[in-house]
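Below, each chain spelled out in residue letters.
Number of protein chains: 2
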Amino acid sequence: MTSHGTAQPTRQERRRAQTRQRLLDAAQTLFARQRVDDTTISQITNEADVGFGSFYNHFASKDDIVEAAVREYLRQQVREVMGLVEELVDPAETVAIAYHHFASKAAADGEITQLLLSLDASYKIMIEELGPHARNDIERGLARGRFAISDPEVALVASAGALIFTMRAMSEDKVGPDAAVEVARLVLQIFGVTENDAAEIVKRSLRSGPG
Amino acid sequence: MTSHGTAQPTRQERRRAQTRQRLLDAAQTLFARQRVDDTTISQITNEADVGFGSFYNHFASKDDIVEAAVREYLRQQVREVMGLVEELVDPAETVAIAYHHFASKAAADGEITQLLLSLDASYKIMIEELGPHARNDIERGLARGRFAISDPEVALVASAGALIFTMRAMSEDKVGPDAAVEVARLVLQIFGVTENDAAEIVKRSLRSGPG
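Chains A and B, in that order, give the protein sequences.
Using our numbering, you'd call the opening residue of the first sequence number 1 and step up by one each time.
Using our numbering, you'd call the opening residue of the second sequence number 1 and step up by one each time.
Bound conformation, chain A alone (with noise of 0.2 Å):
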């Protein structure tokens, strides 16, 4: 447990949050280069150079840190994006970037994007990681009147499987290499964009932005 509120992290808690750390570095490092059914627990203890023992004091299986590496990797892409974006006034463009930007992931990131998309646990980590964001993106876009949308919640859940569904035909070669910006497009229609408005709002917004 960390401590929570004012109090300092003890020597002892900050140590236990290394060890975490360090085990998540390896586990990712491993994904990039095998398979994860191909991955023991003793190979992530070795390269995190921690005993295989205490692998247990953090993670309660294999599964367990599948899944907290995918969502570290999906709260390090939101922090890429909030550096995209944090200029940006208009909701419809931090939406456009957003989508685009995880979406391109999928082909340069395949190993852990492979890892996402398989989880059967992805519905509910996409939701949970990007859903606050994605809600928050909604509400200025219904606030600046960008968006027309009836049902906030069937929106953001839509507009996570197109991209999930969409990444995952990226990752096949199942769709060409625009399709990244297509999914963008797609998302500020289904937030109530006109499909000439989103055209032009995803034409914009990937030029201006530094990504």
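No lab work stands behind these hints: they were computed from the structure.
Among the hints, a few may not be true.
Claimed, not checked - Here are the simulated lysine to aspartate or glutamate pairs, DMTMM-like style, with alpha carbons at most 20 Å apart:
#, chain 1, residue 1, chain 2, residue 2
1, B, Lys174, A, Glu139
2, A, Lys174, B, Glu128
3, A, Lys203, B, Asp151
4, A, Lys62, A, Asp38
5, B, Lys62, B, Asp25
6, B, Lys174, A, Asp151
To be verified - One side of the interface only, derived from the structure: several residues of chain A facing chain B at Cβ under 7 Å:
#, residue
7, Ala148
8, Asp151
9, Val154
10, Ala162
11, Phe165
12, Thr166
13, Arg168
14, Ala169
15, Ala179
Note that beta-carbon positions come from the ideal geometry of N, C-alpha and C, so glycine has one too.
Could you slot chain B onto chain A? The hints should help.
Just chain B now, with coordinates in the frame of chain A:
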């Protein structure tokens, strides 16, 4: 192997097909009343009244019969949708009724829906079983100027993802009872129909439809 072409199936082939169907029916009956994880192959062969060993003449594993049961369920749903839309000329109405029908089933057929949503193969199965029909509707809608879609394959994949994530949210009571109507509207928006037109088409097609 089933014979193709004009040859009639032999008596042996007919008997073989009947046994396979009995096993599938038994699996669906069992999955409707208990968890798949708690269902054994011997329960399935008992329910079907066939010998345990003959299971493996038809299916490689429990996963294999689960996948076949889900495919058969989807094909049955496709037949129901075909019945609902056969007299419609407007592909936009066909799309509204089809996606609404599938989403509505998430609440009605809880167990098989959970199965569909939890299967790692659900992406592949959905695209294989429903994709050809959706592609046909998209092509007709484009030819008639009802849809505005720049990449039909991405639109198809995104609409399937929107549907399946909404079904999952419905089966977990994360969205309201109108989610099936909502997702039908959102899929039309993915296909380039404006938000106002999509709302009107869905209202009209669900009012006039027999379902």
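Quick rundown of the hints versus the structure:
A hinted pair counts as satisfied when its Cα atoms are at most 20 Å apart, and Lys174/B with Glu139/A qualifies at roughly 18 Å. For the hint pairing Lys174/A with Glu128/B, the CA-to-CA distance comes to about 12 Å; that is within 20 Å, so the pair holds. Distance hint between Lys203/A and Asp151/B is fulfilled; the C-alpha atoms sit about 16 Å from each other, no more than 20 Å. Restraint check for Lys62/A and Asp38/A: satisfied, since their Cα atoms lie roughly 11 Å apart, inside the 20 Å limit.
As the CA atoms of Lys62/B and Asp25/B are separated by approximately 14 Å, the hinted pair is consistent with the 20 Å bound. For the suggested pair Lys174/B and Asp151/A, the alpha carbons sit about 12 Å apart, so the restraint of at most 20 Å is met. Hint status for Ala148/A relative to chain B: holds, with the closest Cβ pair at about 5 Å, below 7 Å. This hint holds: Asp151/A has a C-beta 5 Å from the nearest C-beta of chain B, less than the 7 Å allowed.
Against a cut-off of 7 Å between C-beta atoms, the interface hint on Val154/A holds, since the closest Cβ of chain B lies about 4 Å away. Among the interface hints, the one on Ala162/A holds; its C-beta lies about 4 Å from the nearest C-beta in chain B, closer than the 7 Å criterion. Proximity of Phe165/A to chain B holds as hinted, the smallest CB-CB distance being about 3 Å (cut-off 7 Å). Given hint, Thr166/A at the interface with chain B, holds; its Cβ is 5 Å from that chain's nearest Cβ, closer than 7 Å.
Interface restraint check for Arg168/A: the shortest CB-CB distance to chain B comes to about 6 Å, inside 7 Å, so the restraint holds. Satisfaction of the interface hint for Ala169/A is found here, the shortest Cβ-Cβ separation to chain B being roughly 5 Å, below the 7 Å cut-off. For Ala179/A, the shortest C-beta to C-beta distance to chain B is roughly 5 Å, which falls under 7 Å, so the interface hint holds.
Hint compliance for this structure: no hint is broken.
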